[in-house]
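> The chain contents come next:
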Amino acid sequence: MMTTESVMPAENRNPATDDPPATEFYVASQWQLMRIKFRKHRLAVWSGRMVVAFYLVAIFCEFAAPYRLEDSHLDHIYAPPQRLHLIADDGLHLFPFVYAYKGMRHPETLRPVYTEDRSRTYPLQFFVRGEPYRLWGLIETDLHLFGVEEGGTLFLLGTDSMGRDLLTRIIYGSRISLTVGLFGVTLSFVFGLLIGAVSGYYGGWIDNLIQRLIEVLRSFPSIPLWMALSASLPSTWSPLQVYFGITVVLSFLGWTGLARVVRGKILALREEDYATAASLVGASKARIMIRHLLPGFTSHIIVSLTLTLPNMILGETSLSFLGLGLRPPITSWGVLLKEAQNVQAVALQPWLLTPAAFVIIAVLAFNFVGDGLRDAADPYAR
Amino acid sequence: MFHLILKRIFWMIPTLWAISFISFALIQLPPGDYLTSYITALEETGETVAEEQVAALRQRYNLDEPFLVQYFKWLNNLLFFGFERQESGSYLWVEESDGTRSFNYPWFKWPDMGVSFEWNRPVTELVGERLLLTMVISIVTLLFTWAVAIPIGIYSAVHQYSWADYTFSVLGFIGLATPNFLLALVFMYVGYSVFDVSAGGLFSAAYQNAPWSVAKFTDLLAHLWIPVIVIGTAGTAGLIRVMRGNLLDELPRQYVMTARAKGVGAWKLLLKYPVRVALNPLISTIGWVLPGIVSGSVITAVVLGLPTTGPILLRSLENQDMYLAGSMIMALSFLTVIGTLISDLLLLWLDPRIRYEGQSR
Chain A
25 MMTTESVMPA ENRNPATDDP PATEFYVASQ WQLMRIKFRK HRLAVWSGRM
75 VVAFYLVAIF CEFAAPYRLE DSHLDHIYAP PQRLHLIADD GLHLFPFVYA
125 YKGMRHPETL RPVYTEDRSR TYPLQFFVRG EPYRLWGLIE TDLHLFGVEE
175 GGTLFLLGTD SMGRDLLTRI IYGSRISLTV GLFGVTLSFV FGLLIGAVSG
225 YYGGWIDNLI QRLIEVLRSF PSIPLWMALS ASLPSTWSPL QVYFGITVVL
275 SFLGWTGLAR VVRGKILALR EEDYATAASL VGASKARIMI RHLLPGFTSH
325 IIVSLTLTLP NMILGETSLS FLGLGLRPPI TSWGVLLKEA QNVQAVALQP
375 WLLTPAAFVI IAVLAFNFVG DGLRDAADPY AR
Chain B
23 MFHLILKRIF WMIPTLWAIS FISFALIQLP PGDYLTSYIT ALEETGETVA
73 EEQVAALRQR YNLDEPFLVQ YFKWLNNLLF FGFERQESGS YLWVEESDGT
123 RSFNYPWFKW PDMGVSFEWN RPVTELVGER LLLTMVISIV TLLFTWAVAI
173 PIGIYSAVHQ YSWADYTFSV LGFIGLATPN FLLALVFMYV GYSVFDVSAG
223 GLFSAAYQNA PWSVAKFTDL LAHLWIPVIV IGTAGTAGLI RVMRGNLLDE
273 LPRQYVMTAR AKGVGAWKLL LKYPVRVALN PLISTIGWVL PGIVSGSVIT
323 AVVLGLPTTG PILLRSLENQ DMYLAGSMIM ALSFLTVIGT LISDLLLLWL
373 DPRIRYEGQS R
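Order-wise, the sequence lines are chains A and B.
Residue numbers for the first sequence follow this note's numbering, so the first one is 25 and each next one is one higher.
Residue numbers for the second sequence follow this note's numbering, so the first one is 23 and each next one is one higher.
One should not assume that every hint holds.
[Stated by the list, open to error] So, partial list: chain A residues that the calculated Cβ filter (under 7 Å) puts toward chain B:
id, residue
1, 243
2, 246
3, 380
[To be verified] So, partial list: chain B residues that the calculated Cβ filter (under 8 Å) puts toward chain A:
id, residue
4, 40
5, 42
6, 48
7, 193
8, 201
9, 204
10, 339
11, 351
12, 354
13, 359
14, 364
15, 365
16, 368
17, 370
[Said to hold, decoys possible] Some chain A residues flagged as far from chain B (calculated, every beta-carbon gap over 12 Å):
id, residue
18, 107
19, 147
20, 151
21, 167
22, 221
23, 239
24, 245
25, 254
26, 255
27, 307
28, 341
In case anyone wonders, no lab produced these hints; they're calculated from the structure.
This structure is a prediction, so every number in the text was calculated from the model and none was measured.
Note that beta-carbon positions come from the ideal geometry of N, C-alpha and C, so glycine has one too.
Let the hints inform the model, and build the full structure from the sequences given.
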């Protein structure tokens with residue numbers, strides 16, 4: 025469906041200059057060959073780094089965020105993004121800084137209006153002491169990745185209706201939004217592998233039945249089906265239960281794609297000589313499947329999973345946006361976007377749309393990584 | 023050929039049956055039912071509901087029967103004519119002169135998908151026009167997707183690695199990664215802040231409830247393009263990739279070189295041979311493009327406030343209006359199954375290789 029070749033200049037994939045020394049190439053294992061091939065796909069490599077960065081932020085979100093999730097600054101409600109400056113009245117600064125940020129009510133519209141107080145500057149600092157928190161609920165500390173010293177404010181993406189820093193909420197939201205897909209993919213993986221393997225190996229009416237079932241599930245439009253499934257989660261559930269409920273909902277359709285890949289590969293591989301040989305020497309069906317066939321398409325499974333992830337992230341975002349997925353107090357990107365649901369809110373506070381940029385970047389990065397992996401998955405293909 | 027079509031249509035029957043079963047299972051999934059929450063709501067406002075009234079309602083809607091019995095009754099009503107409909111009163115109850123309510127025993131028009139508890143009207147009546155508009159939007163979107171994707175795909179393939187090719191690729195990837203509702207929001211925002219017009223809805227206020235006329239139809243066309251672009255973006259982006267990839271596979275083939283050597287003009291050569299071959303996978307992908315479009319139309323409709331199935335589906339799910347929600351999901355899935363069938367038939371007609379091989383895929 026998608027290939028990235030066009031995004032890459034042709035000269036980047038010139039085998040004459042990029043190929044490793046021939047001897048190394050010929051003794052390389054399959055996985056080494058894949059790594060070599062993946063590295064040539066520069067966009068995919070950069071996207072891979074981006075994905076890693078996203079997950080690092082998600083894992084250490086308490087540390088990476090300048091504030092705590094629950095911190096609300098009631099004197100800074102709906103504050104627009106604060107600007108970072110390098111040049112002040114007294115000349116160029118070495119570090120970017122923000123001015124003091126003062127809010128007041130507009131005399132006529134009563135809307136909050138914010139002005140920079142140019143007499144006081146707060147330089148942006150790294151590893152700054154701030155509000156105390158518990159990392160993963162365990163380690164007590166007050167160290168933040170970045171921030172400003174006490175007295176100043178740092179709202180790089182603005183604040184919401186309760187004066188909460190939007191960047192902080194996006195960073196905390198990434199933990200939820202990025203892992204919902206991960207758990208959903210894990211579930212899809214288990215179902216897809218099992219059902220696909222059964223379908224491909226046994227064939228006959230079992231195969232036919234499973235293929236028809238997949239066809240039926242695929243003809244359901246995904247969002248309405250997800251909507252119905254998540255609407256059926258009991259409203260009495262705790263946030264954690266809802267979270268896992270949504271992952272189950274998202275994987276309800278996700279496994280079908282993987283099952284098809286697995287089935288197709290098994291159908292092709294079980295006719296190979298080595299599979300026949302294994303069965304002739306008396307290996308059981310399960311052993312042939314796990315020991316001999318599975319390694320042959322592990323890479324394809326990984327590709328399929330990488331390409332399923334962005335769909336799940338989009339699914340969670342859409343569901344939460346509609347109010348059927350995750351709900352506050354859980355903070356996810358979709359939950360944040362729900363606040364930007366009506367056009368008046370967007371017109372007055374356009375910065376509320378910034379979580380969408382993170383959704384798009386994450387989805388793009390996953391797609392590019394998936395593309396790179398797909399090209400690398402079969403290192404023997406031209 | 024005829025045999026193939028018959029076989030294909032025959033296979034639809036178990037598919038549709040399975041869809042109806044899954045849809046009904048979805049209806050039954052939430053704990054409790056609308057009646058329970060409805061009675062709780064009534065009692066909160068101080069109204070009392072007579073015991074026997076509740077019991078009769080439960081019996082009327084088979085709420086206490088086992089799942090399979092409920093399903094087959096629902097299916098039976100769906101497929102065959104129900105009882106005669108009682109004309110007077112609303113569908114759930116009849117208001118007597120002294121203010122008490124008694125039950126109406128309505129059995130509805132065909133096809134009977136049950137009653138929407140919230141609206142107190144048959145589902146068919148509620149869904150009918152909205153489903154039609156959903157279909158119109160989906161088909162127009164599909165055509166739009168093709169009209170945009172095919173020329174761009176051809177151009178990108180012929181001018182591979184040109185700046186235009188890169189631009190379209192980047193735009194395409196961003197289009198794929200942008201959620202539909204976000205694009206809708208952006209359109210609303212631009213319409214609101216730059217042009218000071220509302221981008222929502224499908225009709226101007228004057229035509230909202232007017233009967234169908236030429237003027238209303240042109241009004242519809244004037245409003246249609248925004249949802250069509252919003253819904254179609256993701257599909258267009260995907261199709262450009264498919265079209266470009268297919269054509270790139272075909273262009274280096276020997277038949278192209280032969281034709282060129284024989285002096286066939288560039289345009290004629292391109293359109294008559296490789297493009298025709300490259301179009302095949304495009305048509306066979308209707309099967310997965312269509313569910314995407316329908317799915318996208320639901321969420322876009324909620325944001326833009328379109329009078330299609332989206333908003334009503336969302337509300338029915340929020341209120342556990344079971345029959346309405348289930349029927350709507352079923353109807354939307356039917357739509358995609360039929361779309362897939364049409365695409366298979368088109369493919370049969372278009373590609374002689376499939377036709378003569380005697381296999382539908």
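> State for each hint whether it applies.
Comparing the hints with the structure gives:
{"no.": "1", "hint": "243", "verdict": "holds, 5 Å"}
{"no.": "2", "hint": "246", "verdict": "holds, 5 Å"}
{"no.": "3", "hint": "380", "verdict": "holds, 5 Å"}
{"no.": "4", "hint": "40", "verdict": "holds, 4 Å"}
{"no.": "5", "hint": "42", "verdict": "violated, 10 Å"}
{"no.": "6", "hint": "48", "verdict": "holds, 5 Å"}
{"no.": "7", "hint": "193", "verdict": "violated, 11 Å"}
{"no.": "8", "hint": "201", "verdict": "holds, 5 Å"}
{"no.": "9", "hint": "204", "verdict": "holds, 5 Å"}
{"no.": "10", "hint": "339", "verdict": "holds, 4 Å"}
{"no.": "11", "hint": "351", "verdict": "holds, 5 Å"}
{"no.": "12", "hint": "354", "verdict": "holds, 5 Å"}
{"no.": "13", "hint": "359", "verdict": "holds, 5 Å"}
{"no.": "14", "hint": "364", "verdict": "violated, 13 Å"}
{"no.": "15", "hint": "365", "verdict": "violated, 12 Å"}
{"no.": "16", "hint": "368", "verdict": "violated, 17 Å"}
{"no.": "17", "hint": "370", "verdict": "violated, 18 Å"}
{"no.": "18", "hint": "107", "verdict": "holds, 21 Å"}
{"no.": "19", "hint": "147", "verdict": "holds, 34 Å"}
{"no.": "20", "hint": "151", "verdict": "holds, 33 Å"}
{"no.": "21", "hint": "167", "verdict": "holds, 34 Å"}
{"no.": "22", "hint": "221", "verdict": "holds, 22 Å"}
{"no.": "23", "hint": "239", "verdict": "violated, 6 Å"}
{"no.": "24", "hint": "245", "verdict": "violated, 4 Å"}
{"no.": "25", "hint": "254", "verdict": "violated, 9 Å"}
{"no.": "26", "hint": "255", "verdict": "violated, 4 Å"}
{"no.": "27", "hint": "307", "verdict": "holds, 33 Å"}
{"no.": "28", "hint": "341", "verdict": "violated, 6 Å"}
Hint violations for this structure: numbers 5, 7, 14, 15, 16, 17, 23, 24, 25, 26 and 28, all remaining hints satisfied.
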